[in-house]
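**Q** The residues making up each chain are set out below.
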Amino acid sequence: MDVFLPQILNGLDKGAAYALIALGLTLIFGTLGVVNFAHGALFMLGAFCAVTMKALLGLEKVTLDPTQTTAWGTPLEIRVPYIETWLGDFGLLLLEYSVPVSLILAIPVMLIIGVTMERGLIRHFYHRTHAEQILVTFGLAIVLQEIVKSFFGANPIPQPAPDIVSGSADIGMLLGLDPGTIVYPMWRMVYLTFSGVVIASVFAFLQFTTFGMVVRAGMADRETVGLLGIDIDKKFTIVFGLAAVVAGIAGVMYTPILSPDYHMGMDFLVLSFVVVVVGGMGSLGGAVAAGFLLGILQSFASMNEVKTILPGIDQIIIYLVAIIILLVRPRGLMGRKGVMES
Amino acid sequence: MTDFKVNRRGLMKGAAAVGVGLSAPQFFVSGANAYTNEPTGGSVTLGFNVPQTRAYADEGADELRAYELAVEHLNGGGDGGMLNTFSSKALTGNGVLGKKVEYVTGDTQTLSDAARASAKRMIEKDGAVMITGGSSSGVAIAVQGLCQDAGVIFMAGLTHSNDTTGKDKRANGFRHFFNTEMTGAALAPVLKNAFGEDRRVYHLTSDYTWGWSQEGSIQKYTEPFGWETAAAVRTPVGAGDFSQYITPVLNSGADVLVLNHYGKDMVNSLPQAVQFGLRDKQVNGKNFEIVVPLFSRLMAQGAGDAIKGIFGSTNWNWSLQDEGSKAFVKSFGQKYGIPPSQAAHTCYCQTILYADAAERAGTFRPSELGKALEDFSFDGLGNGPTDYRGSDHQCFKDVLVVKGKEEPASQHDLLEVVEVTPRAQVEYPADLLGGELGPYNDGA
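Chains as they are written, first to last, in this note's numbering: chain A, 1 to 342; chain B, 1001 to 1444.
No wet-lab data here; the hints were simulated from the structure. Be a bit skeptical, because a hint or two may be false.
[Claimed, not checked] Mimicking DSS-like on lysine-lysine, the simulated pairs with C-alpha atoms at most 25 Å apart in a straight line are:
#, chain 1, residue 1, chain 2, residue 2
1, B, Lys1326, B, Lys1220
2, B, Lys1405, B, Lys1308
3, A, Lys54, B, Lys1308
4, B, Lys1335, A, Lys61
5, B, Lys1308, B, Lys1192
6, B, Lys1405, B, Lys1089
7, B, Lys1120, B, Lys1099
8, B, Lys1120, B, Lys1167
9, B, Lys1403, B, Lys1220
10, B, Lys1335, A, Lys149
11, B, Lys1089, A, Lys54
12, B, Lys1089, B, Lys1330
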């Protein structure tokens, strides 16, 4: 129990990030038929919304203290955040909670980025081959990450979780085990819960709203929905924006786990595509299930007991499982017939 | 038997050939004595090969700042920086050997192939007579090999693996930076004093040359006082989320975690280890401790508060109060508004040391310039009295053991020097790490 439970939690946590990115990828592919290789960059942009929010909240009033000097002889700078001057302790509290507060910034920003991307670039490639779509979106991802690097540098920028959830919780005690047997970082549990809420919200939105019904109909038969007089293109543009928001807020909340840097999107992109393919192209449920499954398998493959028997298995497990699943179920776990089969 | 007859015509032809040879201008026959990219005009070109993109780009940018500063000082600009404190007075601020110093840059991308390609371009297209830089041992070893083959000197930047001046050393390569062997020798006694004997140690190690080298050195120097290795787990470079590697530490029975990680890996793994409550844990009746053998201030900034109280080692720190360090920090700080990193310091020193050796040798020829560096003793460059050992081209100097500051005064003031380990304690026999320097290659 003390060995397996933490690894299951690790897997769920990692899987949650994969699932959130894969969910957006699948939404875009299912609606627009576009293979979006810039989706990892949207995750990264979301993370940098958190960095930006912290930088904005932390803007400092700089005064020079002529009585003190730096090691290189210039007057020492005294820095006080404006927000502390203006709002006192509440300002410092906002600064401490900058990661969750960033969601307020990330949601509209990611929506605008998503809609602009779709209207400005992606729509010109709807009727092009998947290879061309991959090339253009991959190029876009590189451009976006280089822009971020030029503003924020190449080093990871730490984004601490609020103090109240920055430590670890003794889960073992809740299960009747000795104190300290199973401890797990509280922010990771927050992230897991947050991911569950976001995934449930997306499914509920698609399942229980008129907009969602139209989108699902459009995913099934775009032409017929168009013949009914519904402007499906407009709906799909909003779906693209929604997918960007999901990736973005996933990135925001992941920053206390992984300090954001400009390349983090690429690190997640490849694995998320494997998740989409294993889950089944165009299957939202498949993407979520495959995300969690592959996350857990990756965690177990990293255990010393497993690596002793199969050295290096932690590096290839995801691809190995993908090969096996695609051999047994060529459309993936929950793939629909006819998707990407023409 | 063959008759050997000398006739008048043959004698005349032979004499004419000898006469032409003896009377020819030097440049017609210089091929026999030339070396790669011998500077013939009024300037000499150095090649600065640093990571300008990818993970170590910020460290590369700091290296480049230091190189630009060094070139400025060599050409007589600025306040002269450490040229004023350097024990050798061969450099006068008039370039090197009367030639103005110019430079070209390359992007290593922290990839061996890309680094070799950019070094090759600087040597073949830009005429660089020396290559320097880098933030990775894998890259340094690759570029060092290329420079050996091309016949130019390689002055390594930040490379900490034993192999650079151990099994992979080359005659044309020189390293000012310290190595994992020295880190082990310096850090182990401090760890023993701080955490006691008889510990069980869990290593998480980056799976490449530097990580293996670092893990081995820490084991070598801590095992004699009862630090037993509970497990040594290799982690992929750039793993990002290390949770699946940290979780097994919790119930492994280990009471010390050594993170043989550098750069982005350290920036991620250290905070994650702290988030998992390792520093609040008690095992075997002792407080659980974390050690990061190689620290960099730039990386410490990325790790945030997690760095507080963590022990490690560093080649140099801007808080040092010797005259050389103060002069360098002043020059660098006034020019760029920030203190230099250890990467910047070693790159600046390497450039000055190369230029000084050229002046003393009276040539840029690798074999003669290299001889001037071998067993060269100097002071005033921030590390106290230092020797460039001739038998392996490794610098020997004091090593700093540092700890993350609990109360940093500024965003740059992250490390406090716990101990300056004397050079004698970190010296080792030249044949310990294997390898052969081989002969110098002057190229051309």
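**Q** Checking against the hints above, which ones are violated?
**A** Violated hints: 1, 6 and 11; rest satisfied.
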